[in-house]
Amino acid sequence: MSAAGSIHPRERRLSLLVTVLAFALPVIFVLVPLAIFLVYSFFSVDQGTIVYTPTLGNYVRFFTDPIFLPVFWNTIVLCVSVAVICILLAYPAAYFLTTLKGRWRYALLMLLLVPLLMSYVIKIYAIRSILGLNGFLNKALVALGILQQPSNLFVFNMNAILLTLSLLLIPFAILPIFLSLERIPQTLLRASDDLGASGWQTFLRITLPLSLPGVASAASFVFVLAIGDFLTPQMVGGISGFTFGRILYSQFGTAYNWPFGAALSVALAIVVICAILVGERFGRNRGTSI
Amino acid sequence: MNALPRPSTIFLAAITALVAVLLYSPLFVPIVSSFFTISHGNVDWSSPTLATYVALAENHDILAALRTTLIVGVCTVILSVVSGTLLALYYHGRRSGRSFLQFIIFLPFLMPPIISGLALLIFFREIHLERSLLTVVIGHTVFVLAIVYRTVLMRLQSMSRTLVEASYDLGATGWQTFWRIILPNLSSAMVGGAILAFALSFDETMITILVTGTQSTLPVRLWAMMRLGFSPDINALVALILMFTVLLCVLAARFLIPRQMATERT
Numbered sequence: 330m331s332a333a334g335s336i337h338p339r340e341r342r343l344s345l346l347v348t349v350l351a352f353a354l355p356v357i358f359v360l361v362p363l364a365i366f367l368v369y370s371f372f373s374v375d376q377g378t379i380v381y382t383p384t385l386g387n388y389v390r391f392f393t394d395p396i397f398l399p400v401f402w403n404t405i406v407l408c409v410s411v412a413v414i415c416i417l418l419a420y421p422a423a424y425f426l427t428t429l430k431g432r433w434r435y436a437l438l439m440l441l442l443v444p445l446l447m448s449y450v451i452k453i454y455a456i457r458s459i460l461g462l463n464g465f466l467n468k469a470l471v472a473l474g475i476l477q478q479p480s481n482l483f484v485f486n487m488n489a490i491l492l493t494l495s496l497l498l499i500p501f502a503i504l505p506i507f508l509s510l511e512r513i514p515q516t517l518l519r520a521s522d523d524l525g526a527s528g529w530q531t532f533l534r535i536t537l538p539l540s541l542p543g544v545a546s547a548a549s550f551v552f553v554l555a556i557g558d559f560l561t562p563q564m565v566g567g568i569s570g571f572t573f574g575r576i577l578y579s580q581f582g583t584a585y586n587w588p589f590g591a592a593l594s595v596a597l598a599i600v601v602i603c604a605i606l607v608g609e610r611f612g613r614n615r616g617t618s619i
Numbered sequence: 673m674n675a676l677p678r679p680s681t682i683f684l685a686a687i688t689a690l691v692a693v694l695l696y697s698p699l700f701v702p703i704v705s706s707f708f709t710i711s712h713g714n715v716d717w718s719s720p721t722l723a724t725y726v727a728l729a730e731n732h733d734i735l736a737a738l739r740t741t742l743i744v745g746v747c748t749v750i751l752s753v754v755s756g757t758l759l760a761l762y763y764h765g766r767r768s769g770r771s772f773l774q775f776i777i778f779l780p781f782l783m784p785p786i787i788s789g790l791a792l793l794i795f796f797r798e799i800h801l802e803r804s805l806l807t808v809v810i811g812h813t814v815f816v817l818a819i820v821y822r823t824v825l826m827r828l829q830s831m832s833r834t835l836v837e838a839s840y841d842l843g844a845t846g847w848q849t850f851w852r853i854i855l856p857n858l859s860s861a862m863v864g865g866a867i868l869a870f871a872l873s874f875d876e877t878m879i880t881i882l883v884t885g886t887q888s889t890l891p892v893r894l895w896a897m898m899r900l901g902f903s904p905d906i907n908a909l910v911a912l913i914l915m916f917t918v919l920l921c922v923l924a925a926r927f928l929i930p931r932q933m934a935t936e937r938t
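If you read the protein sequences in the order shown, they are chains A and B. If you use this note's numbering, the first sequence corresponds to residues 330 to 619, in order. If you use this note's numbering, the second sequence corresponds to residues 673 to 938, in order.
Keep in mind that the hints were calculated from the coordinates and are not lab data. Fair warning: this is a prediction, and the values are worked out from it, not measured in the lab. Backbone N, C-alpha and C fix where the C-beta goes; we use that ideal spot for every residue, glycine too. Be aware that one or more of the hints could be misleading.
Covered, in the sense of this in silico footprint (three residues per stretch, anywhere, with C-beta under 8 Å from a C-beta of chain A), are these stretches of chain B [said to hold, decoys possible]:
| no. | region |
| --- | --- |
| 1 | 683-689 |
| 2 | 752-763 |
| 3 | 778-785 |
| 4 | 865-879 |
| 5 | 908-915 |
Input sequences plus hints: build the corresponding full structure.
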C-alpha cells in the first residue's frame, strides 16, 4: 500500500485517516475502558454512590475477608480440573484424528468443532436437563445398576459445574492438540520405527513430548474460558456451587459495589494473564521444524 | 502415525466416539423435544408434531429478540470487517508499534468476556452513553475485531508481493492496485472473517448481558427465560438455529479452509 506511486491527494487523506483510525480504535475502545476499570478498583461505595477517592480498601477486603480467598482458590482448582478432564478426553480424540487420512481427518475434526458454534445458553440448559434428577444420566446409571435410585449428585453443586464446563469446552482442547500432533514430521516416527522402537515407545518418546506444546495451549485456553464463565455456575451451580465469576457478577447486580467488583476483576485478570503466559511459554513449538 | 497396534486404534476410536456423543448430546435434547412431547424425562415417540414450530411463529417476544440479534450481528459484521481490514492493511509490513497495538486488539478476545464487558460497562457510564443496542454493537465489535483482523492479516501475509509489484510495473496507481489486486485477493478472507464474526456475535451472551439496555438479543432473552423454564416452542427455535449455524460453518469452511491449504502447499 505504502509503496511508490501514492501521491494522489485523495489517497494521502485516506492514509492519514487510516493511521488515525489504526491507533484510535484499539486505544479508545479497549485500552481506555480497561484503564478506567483499573482506576475504579481503587474507589469505594458509600450508600449506593461511588466515592471517587483512591483507597486500597477493596484489595484489603479481598485478602482479609474469609469469603473471597477460599472461593477464589476453589474456583482455580475447579478450572484446573476442567482443563485436565478436557485434555484427557481431547488427547485420544485428537490422536485418533491424525491417524485418519485426508478428507476424513478434516471432516471429523469439523464434526467435533461444530458444537462450539451452537448456542451457549441452550447447551447449558440441555446439559442441566441431562444431569438432573429426571435426566438421562441418572436414568442410564440406574439402568446399568450403578445407582439404586436417581441421585441429586450431578446438579446444583460443584460437580455439576465441573461436568458442564468440561462438556462445553472439550472442542477448545481438541484443536490445539490436533494441530501440534499434525505438525510432528512423519519421518521422525518412521525413523523411530526403523530403529526398532515399539509403537508405545515411539508414542512415549517422540509423539507425546512433541505434542506437549499443544497440550499446554489447550490447558490455558480451557482454563481461561472456564474461569471467566459466570453463566454456567449461575445456571447449574445452585446454592453450593459458588464460583468467583458469580461473586464478581453479583457485585454489578444485587450487591451493587462496582469498585469492589473491579478489584475482583483485577485479581481474575492476573490469574488469566498468568495462565496465558504459561500457555505461551510452554505452548511454543520447539524442535519440530526438522 | 500408523505405528500403533490394533487394540489401541480401537480404544482411540471408542474415546473419539464418546467425545462426539458427549458433544452432541446437549444439542440432541432440544431437537428431539421440538418434534416430540417429553414429560418427566420420558420421550413420547409415538406422536411426532410440528406444533412447537407453529407456536414459535406466534411468539412475538422471541421473534423480536431474534430480529434484534440479526440487526446487531449485521452491524457488528460491517463495523468489524471494515475496521479489521483497515487495521490489517495498516499493520501489514509495518514493524514499529505493531506488536503493542496488535496486543491491544487481541486483549478483548483473550480476556474473559466478563472483564471486557465490565470494563465497557464502566466506560459507557463514564462517557454518559446510555446502554442500548449501540453499546451492544460496540461490545461485539471490540470482541470479534481480533478474529477479522487476524484472518485478513494472514491472507495478506500469504499474498505474493510480486502481484502488487507487477501491478505497479504495469502502471497502475496505488488506488487502482488496491481495488483491482489487493481487495479481490482479500475478499474470501473478508467473507470468511465476516461469517465468523457474525456467528460469534449471534451467540455472544456474557458481554451482551452486561452492556445491553432494554432491548435484548436472543441469547440474553433465552438466559432470562431459562430461570422460569422454557416453553416448548423454544426447542423449535433452537432446532432452527442449529441448522442455520451448521450452514454458516459449512460456508465459513468453504471460504477459509481450501485457500489456506492451497497456499500451504505452494
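Consistency of the hints with the structure:
1. 683-689: As far as the region 683-689 of chain B goes, the hint holds, because 5 residues have Cβ atoms under 8 Å from chain A.
2. 752-763: The restraint on the region 752-763 of chain B holds, since 6 of its residues have a Cβ under 8 Å from chain A and three suffice.
3. 778-785: holds (count 6)
4. 865-879: holds (count 4)
5. 908-915: Coverage by chain A holds for the region 908-915 of chain B (3 residues, Cβ < 8 Å).
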